[in-house]
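Keeping their order, the protein sequence lines are chains A and B. Residue numbers for the first sequence follow the working numbering, beginning at 1 and rising by one. Residue numbers for the second sequence follow the working numbering, beginning at 1 and rising by one.
Do not take every clue at face value.
[Said to hold, decoys possible] With a cut-off of at most 20 Å between alpha-carbon atoms, the simulated SDA-like pairs for lysine to any residue come out as follows:
{"no.": "1", "chain 1": "A", "residue 1": "159", "chain 2": "B", "residue 2": "35"}
{"no.": "2", "chain 1": "B", "residue 1": "159", "chain 2": "A", "residue 2": "143"}
{"no.": "3", "chain 1": "A", "residue 1": "110", "chain 2": "B", "residue 2": "63"}
{"no.": "4", "chain 1": "B", "residue 1": "159", "chain 2": "A", "residue 2": "49"}
{"no.": "5", "chain 1": "B", "residue 1": "193", "chain 2": "B", "residue 2": "168"}
{"no.": "6", "chain 1": "B", "residue 1": "159", "chain 2": "A", "residue 2": "199"}
{"no.": "7", "chain 1": "A", "residue 1": "110", "chain 2": "B", "residue 2": "36"}
{"no.": "8", "chain 1": "B", "residue 1": "110", "chain 2": "A", "residue 2": "143"}
{"no.": "9", "chain 1": "A", "residue 1": "159", "chain 2": "B", "residue 2": "49"}
{"no.": "10", "chain 1": "A", "residue 1": "159", "chain 2": "B", "residue 2": "39"}
{"no.": "11", "chain 1": "B", "residue 1": "110", "chain 2": "A", "residue 2": "63"}
{"no.": "12", "chain 1": "A", "residue 1": "193", "chain 2": "A", "residue 2": "69"}
{"no.": "13", "chain 1": "A", "residue 1": "328", "chain 2": "B", "residue 2": "14"}
{"no.": "14", "chain 1": "B", "residue 1": "159", "chain 2": "A", "residue 2": "36"}
{"no.": "15", "chain 1": "A", "residue 1": "328", "chain 2": "A", "residue 2": "193"}
{"no.": "16", "chain 1": "B", "residue 1": "159", "chain 2": "A", "residue 2": "35"}
{"no.": "17", "chain 1": "A", "residue 1": "159", "chain 2": "B", "residue 2": "36"}
{"no.": "18", "chain 1": "B", "residue 1": "159", "chain 2": "A", "residue 2": "51"}
{"no.": "19", "chain 1": "B", "residue 1": "159", "chain 2": "A", "residue 2": "39"}
{"no.": "20", "chain 1": "A", "residue 1": "110", "chain 2": "B", "residue 2": "339"}
{"no.": "21", "chain 1": "A", "residue 1": "128", "chain 2": "A", "residue 2": "39"}
{"no.": "22", "chain 1": "B", "residue 1": "159", "chain 2": "A", "residue 2": "52"}
{"no.": "23", "chain 1": "B", "residue 1": "230", "chain 2": "B", "residue 2": "340"}
{"no.": "24", "chain 1": "A", "residue 1": "159", "chain 2": "B", "residue 2": "51"}
{"no.": "25", "chain 1": "B", "residue 1": "110", "chain 2": "A", "residue 2": "35"}
{"no.": "26", "chain 1": "A", "residue 1": "110", "chain 2": "B", "residue 2": "38"}
{"no.": "27", "chain 1": "A", "residue 1": "159", "chain 2": "B", "residue 2": "42"}
{"no.": "28", "chain 1": "B", "residue 1": "193", "chain 2": "B", "residue 2": "283"}
{"no.": "29", "chain 1": "B", "residue 1": "193", "chain 2": "B", "residue 2": "17"}
{"no.": "30", "chain 1": "B", "residue 1": "311", "chain 2": "B", "residue 2": "193"}
{"no.": "31", "chain 1": "A", "residue 1": "159", "chain 2": "B", "residue 2": "320"}
I should point out that these hints are in silico values taken from the structure, not numbers from a laboratory.
This is what each chain is made of:
Number of protein chains: 2
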Amino acid sequence: MTHGTDSLSSVGEFGLIERIRRIIDPVAAAADPSGDLLLGISDDAAVYRPTPGRLQLLTTDMFVEGVHFDLTFMSMKHLGWKVMTAGLSDIAAMGALPRFATVGLSLPAKLTPVHVEEFYTGVAASMKEFRYAVAGGDTTASAGNMAVTVNVTGEADEKELRFRRGAVPGDYVCVTGHLGASVAALRILQREKQRYLDAKNRDEFRPELEPYAPALEKHLMPRPRLDIVKTARDGVRINSMIDISDGLASEVHHLCRESGTGARIFEHNLPVEAITQRIAAELGESPTTYALFGGEEYELLFTLSEGEFGKLERLTGDVTVVGRILEKAEGITYEREDGTAAPLVPLGWDHFRGRNGGGLQ
Amino acid sequence: MTHGTDSLSSVGEFGLIERIRRIIDPVAAAADPSGDLLLGISDDAAVYRPTPGRLQLLTTDMFVEGVHFDLTFMSMKHLGWKVMTAGLSDIAAMGALPRFATVGLSLPAKLTPVHVEEFYTGVAASMKEFRYAVAGGDTTASAGNMAVTVNVTGEADEKELRFRRGAVPGDYVCVTGHLGASVAALRILQREKQRYLDAKNRDEFRPELEPYAPALEKHLMPRPRLDIVKTARDGVRINSMIDISDGLASEVHHLCRESGTGARIFEHNLPVEAITQRIAAELGESPTTYALFGGEEYELLFTLSEGEFGKLERLTGDVTVVGRILEKAEGITYEREDGTAAPLVPLGWDHFRGRNGGGLQ
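Start from the sequences, fold in the hints, and give me the full structure.
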């Protein structure tokens, strides 16, 4: 389609909804083979049949241009994928699986219908990959920046649910996947943006991104860890769980606060990939800082007993023990590679940056 | 509480959530006597038990400062009430009743925790009045204007559901309540804002609002028509339904488009209150224009057969026949009081204003 010159106001609300439906509806139908979505995009509300006997979950996440994303270095397609990941990851963190979603878009006049189509192409790719259906939403004008709201519903049986509360002293503290790659990629994107802004001839500027592709993929197309939820849901008793959206340090604090415990994280156990270490070295920064304070990982942080960890380890190789749950009085600390310990400050990456490197005291 | 000088960043995310929970949680518990909300504000997602055998509904609405609301003449408490009404009204328009909700807030730095508390005081008043529970949400910073997203879940049996599609030629076109008061009040608020801006001494300026109180209440604290849904759900067969958020003319078009019909609206049947007529006269504007093109009424527009209307009329006096559904080929028109007819242009109030009064051709 070549509608690149249409404006949002010229295609109107109905025109825009029609274009969204052309992208979403076929994928939604495929993601709902049981036909439980009785009414998708078209009326005042979505209508669906819940699976009998199962609990329903609903999570809401809001993303604001200039706070949560920068369209200078994120395509609309990646944005569509990534905001859905945030909602799906919340459902995963509860031990549940996703079913339906709605999306709210607030669009400044600088954007065109093609941008909206690109956004929904990313959403559709996520739907196809993770088997859920976007069933409605809202699209409005914005007087300022772009904003996106994502709502995802999920289902779980009561015994499958996992909460932030529930960690027990002695528990292993585990994470899925690797840490720090997302913020490492962000640092590269920020550097390249600055190089672009400083370039004498911006038209000829080409960002140098190829060498960082594995990290960039983690940043631009993060995957919710529904696979781990499926792997663990039958045979492994996880005591507490949360997803890592604001950074490991911050989420350890959330989990300990709700559980009434302390914890110790071990620097030498943090799973950091080679690409992340390479970026940190190149920028003269610390991979440990990335791993502890970098956000938008969408990996899972969870705790379980040593015995249950043994069971999980036999089912998947993609989990790492990064610490232990302690009594509350022992505080929340991290142990450096040299064996010294320090309080683990509950700061996300943005706060950390704002404090000029004061995060690691 | 006197936290008026705290900033959003000084109380932090947890401090803010704590304040919200103090307002919301007690009311939520009272609105959920069956204890179906297993997990409200506190974790990655809300968890609730659906009523066995009933279908689930989900609606999402987004509101942006400067597009949908103006904090100059809307208090945070009224805003909280009103955005919830929009979501509840979508649920009502489907023939369903609300159960749970989530709220996303994107807050610019100019706002304080007290503003957020005031907003949630309005939300809590709505919860108490209409018996549903806010169960979660998201609160983020905004780089620009304030934005709000409201998601409301509802339940209905399949036979209770009402759709936009379903109108049949010959149907009566009905509305609940009265029309035009909300936009009439907006016109007064706009006039008073201009008087404030023009005032020599703004500190001493007092807006003149008292005489318009009934219209202002409709504008600032509109009520979703869940009462009519309850009244009609057992004995009356409604063929199609939609709520009036963008204005009667616009919604008639939506309903006819989905139903594949035409319609004629009769000017002399439009239910307009005395206060609305008085404001129109005072401002030299047309009460019919208010009734046809004024938005944010949150009344219901629905169609049903003459026989079913007879049944409904015996149950409630708060519905008015404003037109008839016609064959599609007959178009969508309105008949003036003098008997002449014209096409009914599907414009909302804002578009209408933008066209310098061109809405009523």
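Here's how the hints hold up against the structure:
no.	hint	verdict
1	159/A to 35/B	holds, 18 Å
2	159/B to 143/A	violated, 41 Å
3	110/A to 63/B	holds, 19 Å
4	159/B to 49/A	holds, 13 Å
5	193/B to 168/B	violated, 45 Å
6	159/B to 199/A	violated, 64 Å
7	110/A to 36/B	violated, 44 Å
8	110/B to 143/A	holds, 17 Å
9	159/A to 49/B	holds, 13 Å
10	159/A to 39/B	holds, 14 Å
11	110/B to 63/A	holds, 19 Å
12	193/A to 69/A	holds, 14 Å
13	328/A to 14/B	holds, 19 Å
14	159/B to 36/A	holds, 16 Å
15	328/A to 193/A	violated, 43 Å
16	159/B to 35/A	holds, 18 Å
17	159/A to 36/B	holds, 16 Å
18	159/B to 51/A	holds, 19 Å
19	159/B to 39/A	holds, 14 Å
20	110/A to 339/B	violated, 45 Å
21	128/A to 39/A	holds, 19 Å
22	159/B to 52/A	holds, 18 Å
23	230/B to 340/B	violated, 38 Å
24	159/A to 51/B	holds, 19 Å
25	110/B to 35/A	violated, 46 Å
26	110/A to 38/B	violated, 43 Å
27	159/A to 42/B	holds, 19 Å
28	193/B to 283/B	holds, 15 Å
29	193/B to 17/B	violated, 33 Å
30	311/B to 193/B	violated, 46 Å
31	159/A to 320/B	violated, 51 Å
Hints 2, 5, 6, 7, 15, 20, 23, 25, 26, 29, 30, 31 from the earlier list are contradicted by this structure; the remaining hints agree with it.
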